[in-house]
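Fit chain B to the known structure of chain A by using the hints.
Protein chains: 2
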Amino acid sequence: MIRIGIYGYGNLARGVESAIKKNDDMELKAVFTRRDPSTVKINTAGVNVYNAKDILNYKNDIDVLVICGGSMSDLPEMTPELVKNFNVVDSFDTHARIPEHFKNVDKNAKETNHVGLISCGWDPGMFSLNRAIMEAILPDGDSYTFWGKGVSQGHSDAIRRIKGVVDARQYTIPVDSALEAVRSGSRPTLTTRQKHTRECFVVSSDPKENARIEKEIKEMPNYFSDYDTTVHFISLEELKKNHNGIPHGGFVFRSGNTSDGVKHVIEYSLKLDSNPEFTGSVLIAYARGVARFASAKNYGCKTVFDFSPKDISNLSYEELLAHTL
Amino acid sequence: MIRIGIYGYGNLARGVESAIKKNDDMELKAVFTRRDPSTVKINTAGVNVYNAKDILNYKNDIDVLVICGGSMSDLPEMTPELVKNFNVVDSFDTHARIPEHFKNVDKNAKETNHVGLISCGWDPGMFSLNRAIMEAILPDGDSYTFWGKGVSQGHSDAIRRIKGVVDARQYTIPVDSALEAVRSGSRPTLTTRQKHTRECFVVSSDPKENARIEKEIKEMPNYFSDYDTTVHFISLEELKKNHNGIPHGGFVFRSGNTSDGVKHVIEYSLKLDSNPEFTGSVLIAYARGVARFASAKNYGCKTVFDFSPKDISNLSYEELLAHTL
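First to last, the protein sequences are chains A and B.
Here the first sequence is numbered in this note's numbering, starting from 1 and rising by one per residue.
Here the second sequence is numbered in this note's numbering, starting from 1 and rising by one per residue.
Next up, chain A with everything else stripped away, as it sits in the complex (with noise of 0.2 Å):
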């Protein structure tokens, strides 16, 4: 059995729990939070919720720690530190920062003899390990990122911030008729609008507001003014009651040729009722894969990229060849 710890509780947390319980092999050890244990209620039966200034006590309960804090403050910090005293996975997300973040969790990792992966899910994850690998196949060829349709966090929040938004929540939808000129091989240059549109559902504390509210969401440098943004009012009951789901998904394409005028098409989707737990269900599949890794001193930061199927598989190799190969 592959003992897993849990640092950090919230929706990524919830959706590793139930990941381990689809997982024969894997069992949720501990969960460790920065509030109060008492009031933190998860869903596994018999598993104890520590503090988490107190983690190094359970050093040697633990195989693999997986870190399900925000990108934006707490993982920069948490996984340097924690790959000093146990083996990691985060799913790490500011694509820009990914280079820093890995030398920093690299560093501590080999000086410690631990194994941390960073920047694990489905993107930075598994889109990008099509990406690597569609590239690798089609080097004369253009590759293309779609998301959604799904709810960005980053943008819902975004919406809040403004005033006299009582609570927001922002679905990206990739275009058709862009997915369609990407299918057809023709290896369009597609701008930003063209990729996307956004639709935001917005309740509002005040009706007379909505129009400055609409205007300022419509114009708001990098989150929106770049994109057709449709606003739409409704009321906190209809929010809470039709988007309340945490859904998402997209699309990765390789378009390429071979030689004049033969061309071919490599896509790879996701269609996820819940980001947080297919997220999850990635995290701990690579668990497995990071528990092996460090089985063989394989230590330092490791990526999507280092990890062949094998690594990652629940199946025995025999398994593997006669039934999945």
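Treat the hints loosely; a few may be bogus.
From the derived model, a few chain A residues whose C-beta atoms are all more than 12 Å from chain B [stated by the list, open to error]:
1) Arg14
2) Asn48
3) Ala52
4) Asp74
5) Asp167
6) Glu199
7) Asp311
Once the Cα atoms are required to be at most 20 Å apart in a straight line, the calculated EDC-like pairs of lysine to aspartate or glutamate come out as [unchecked claim]:
8) B/Lys103 to A/Asp260
9) B/Lys59 to B/Glu81
10) B/Lys240 to B/Asp157
11) A/Lys22 to B/Asp157
12) B/Lys22 to A/Asp260
13) A/Lys107 to B/Glu318
14) A/Lys21 to B/Asp157
Simulated from the structure, these hints should not be mistaken for lab results.
Source: prediction; values computed, not measured.
We put the CB at the ideal spot given by N, CA and C, even for glycine.
Just chain B now, kept in the frame of chain A:
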């Protein structure tokens, strides 16, 4: 530069040759044929064609030998023999005999310190890799593989063996409603007939024989009797004009649940203008991995399950971190 040899020179070999030209770390060093070398014209200037029986003279000139033979009788003999002197890649695709082929190649590869990658391509190959990863991520789920729309060489050959058939082309076509049922996440159970249809374009020597030929096709066990099959009789000119390509493709799905009522669908698909050119591109990407495994003394028989994205990528790890993750 990775020096590639090609053993056998048919459609797949020409696909491998095209792929080498798209990769700037690869060079075609030599082609080996069992025919009279003077009768074989290849598409790369300045590269020699040698008689296959002289191949050991070129042992030190080849880093990876790509074996382009048939799975029925060529590869089970060729790959275990050639791996005694070369690092090799093959595309052995008789699924039921893979474990036996693996064993034969593994023994000889380990005894002589070589790497032998078998069953590479897209199915087996990319589809297998995706099945393995998808199943690791969603253990509570069902996998589905669909082929087409594309030309099945085996089914086309089967039709050609019928008396009175001059030539024939058979397309395997996935059924749209079955694809949609899988995409819905409902995890349907699908029969052979529900998944694919078969469309045949047949040139007959005598129109009076068409009814008999059509009946023989539709009732042919294993190949057609379990499918809804359509037969079109056309002229040889039309066959050559409209059915000369070797397109193919297909879909791999994993539909799974991570908790009660929470479902996810992963889809991987290929749309290929040329089956042999795409297959050749996969073989060449993995030949890079084989060369690296040989340098690292990681000998023995290998499959796509053994290679990480990093092993086959032409990008440095730093580039992958910065641009692909």
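- prompt: Which of the stated hints cannot be reconciled with the structure, identified by number in ascending sequence?
  reply: Per hint list: 1, 7, 8, 11, 14 violated.
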